[in-house]
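> Numbering (UniProt numbering), first residue to last: 1 to 98.
Read the hints as simulated data drawn from the structure, not as lab findings. The beta carbon of each residue, even a glycine, is placed where N, CA and C say it ideally should be. Hints may contain errors.
In silico DSBU-like links for lysine-lysine, alpha-carbon gap of 35 Å or less [stated by the list, open to error]:
hint, residue 1, residue 2
1, K50, K85
2, K30, K76
3, K30, K81
4, K30, K50
5, K81, K54
6, K76, K50
7, K53, K85
8, K81, K50
9, K76, K53
10, K54, K76
Label-pair distances were calculated between CB atoms; the ranges are [unchecked claim]:
hint, residue 1, residue 2, range
11, V89, V69, 36 to 46 Å
12, E58, R91, 34 to 44 Å
13, D86, L47, 24 to 34 Å
14, K53, R91, 47 to 57 Å
15, D67, T39, 22 to 32 Å
16, V89, D65, 11 to 21 Å
17, R91, D65, 17 to 27 Å
18, E79, K30, 56 to 66 Å
19, E34, E68, 50 to 60 Å
20, A75, Q48, 27 to 37 Å
21, E51, E27, 34 to 44 Å
22, E41, Y78, 35 to 45 Å
23, A62, T82, 51 to 61 Å
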Amino acid sequence: MAKVVHQDVSAATTNQVSTAEVSTTEEVAKTVDEAEVETDEQVAFSLQEKEEKKAHEELMLAIIDADEVLQARVAKLYEDKTLSKDDRVQRLADLINA
Numbered sequence: 001m002a003k004v005v006h007q008d009v010s011a012a013t014t015n016q017v018s019t020a021e022v023s024t025t026e027e028v029a030k031t032v033d034e035a036e037v038e039t040d041e042q043v044a045f046s047l048q049e050k051e052e053k054k055a056h057e058e059l060m061l062a063i064i065d066a067d068e069v070l071q072a073r074v075a076k077l078y079e080d081k082t083l084s085k086d087d088r089v090q091r092l093a094d095l096i097n098a
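Using the sequences and the accompanying hints, generate a full structural model.
See below:
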């Protein structure tokens, strides 16, 4: 009798471990799939951001090219060596948006 109980406990333990392993494998596969989807979405979002940034840069350059007064102001802005790059960028944005 003790041997049968031991075998049943062993079988039950093996079954539980196997079930746990299957669950773990399924969970890992799901996590990997989700991570791949997130990575694909992140890459797509990053590419979209780059495209939007490039389009915005082209628009800003077109605005500057179309306005002679703005061109002169931008030239003065870049002649001012006392400005940091961040200050210059901010002032450039202010000029374009004005």
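> Determine for every hint whether it applies to the structure shown.
Here is what the structure says about each hint:
no.	hint	in the structure
1	K50 <-> K85	holds (21 Å)
2	K30 <-> K76	violated (57 Å)
3	K30 <-> K81	violated (55 Å)
4	K30 <-> K50	holds (30 Å)
5	K81 <-> K54	holds (27 Å)
6	K76 <-> K50	holds (29 Å)
7	K53 <-> K85	holds (18 Å)
8	K81 <-> K50	holds (29 Å)
9	K76 <-> K53	holds (25 Å)
10	K54 <-> K76	holds (24 Å)
11	V89 <-> V69: 36 to 46 Å	violated (20 Å)
12	E58 <-> R91: 34 to 44 Å	violated (20 Å)
13	D86 <-> L47: 24 to 34 Å	holds (26 Å)
14	K53 <-> R91: 47 to 57 Å	violated (19 Å)
15	D67 <-> T39: 22 to 32 Å	violated (43 Å)
16	V89 <-> D65: 11 to 21 Å	holds (18 Å)
17	R91 <-> D65: 17 to 27 Å	holds (18 Å)
18	E79 <-> K30: 56 to 66 Å	holds (59 Å)
19	E34 <-> E68: 50 to 60 Å	holds (54 Å)
20	A75 <-> Q48: 27 to 37 Å	holds (33 Å)
21	E51 <-> E27: 34 to 44 Å	holds (36 Å)
22	E41 <-> Y78: 35 to 45 Å	holds (39 Å)
23	A62 <-> T82: 51 to 61 Å	violated (29 Å)
Hints 2, 3, 11, 12, 14, 15 and 23 from the earlier list are contradicted by this structure; the remaining hints agree with it.
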